[in-house]
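Asker: Here are the chains, one letter per residue:
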Amino acid sequence: DTGVSQDPRHKITKRGQNVTFRCDPISEHNRLYWYRQTLGQGPEFLTYFQNEAQLEKSRLLSDRFSAERPKGSFSTLEIQRTEQGDSAMYLCASSLWGHQTSYEQYFGPGTRLTVT
Amino acid sequence: DAKTTQPTSMDCAEGRAANLPCNHSTISGNEYVYWYRQIHSQGPQYIIHGLKNNETNEMASLIITEDRKSSTLILPHATLRDTAVYYCIVSALGDSSYKLIFGSGTRLLVRP
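In order, the protein sequence lines correspond to chains W and S.
Note that the numbering used here has the first sequence beginning at 475, numbered continuously upward.
Note that the numbering used here has the second sequence beginning at 427, numbered continuously upward.
Hints were generated in silico from the structure; no laboratory data involved.
Among these hints, one or two may not hold up.
[Stated by the list, open to error] Okay, the calculated bits of chain W under chain S, using three or more residues with CB under 8 Å as the criterion:
| # | region |
| --- | --- |
| 1 | 514 to 524 |
| 2 | 548 to 556 |
[Unchecked claim] Part of the chain W face toward chain S, derived, beta carbon under 8 Å:
| # | residue |
| --- | --- |
| 3 | ILE500 |
| 4 | SER501 |
| 5 | GLU502 |
| 6 | LEU570 |
| 7 | TYR577 |
Note that beta-carbon positions come from the ideal geometry of N, C-alpha and C, so glycine has one too.
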């Protein structure tokens with residue numbers, strides 16, 4: 475399968491703990507996006523990378539959240555000192571940007587976080 | 427905030443066409459209309475996009491009105507596997523992030 479993969483698929487953690495999620499995009503895609511989705515709502519944009527550069531962050535991304543894409547391939551999203559309000563599905567997407575820009579984003583299956 | 431308005435839910439019979447409307451009355455000239463869908467417990471899936479002209483691919487057809495203030499996604503022969511939440515999104519060509527601003531979408535139920 476050469477689609478977007480995310481790990482883990484599910485994570486249960488206690489309030490106050492740190493968690494880290496990983497996203498592996500489609501291999502030739504240079505853009506990577508993170509979204510968050512709560513129950514009954516559409517996904518909300520969090521941040522995106524072009525190669526290893528983080529180019530935009532949403533106001534939703536508080537200082538407890540940090541994302542990296544160190545070599546322009548996989549990305550990690552870390553949440554420090556988790557709160558119950560962080561419980562959500564975290565979605566990763568990738569796309570190809572450039573002279574052969576692909577306008578569509580390809581999404582992974584998501585990581586469902588439950589903070590107890 | 428999302429720039430589109432969609433009905434909360436719709437249903438159609440299996441084998442019939444499903445026509446999903448979307449209102450985007452404030453769309454700008456450089457904004458594309460995208461459709462994605464999300465089947466339960468999966469990530470969103472790209473369906474189709476367009477700027478001005480009607481578009482068709484193997485999944486669906488997109489009809490955009492001449493004034494571009496509304497569009498309709500057509501699934502010509504809906505199957506049970508098409509049951510999903512369908513999102514209509516506008517995204518600006520001039521916004522180089524191409525981030526997607528999702529609304530609440532339309533929940534489509536395909537009945538046997």
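Asker: Tell me the hint numbers this structure goes against, listed in increasing order.
Answerer: 2, 3, 4, 5, 6
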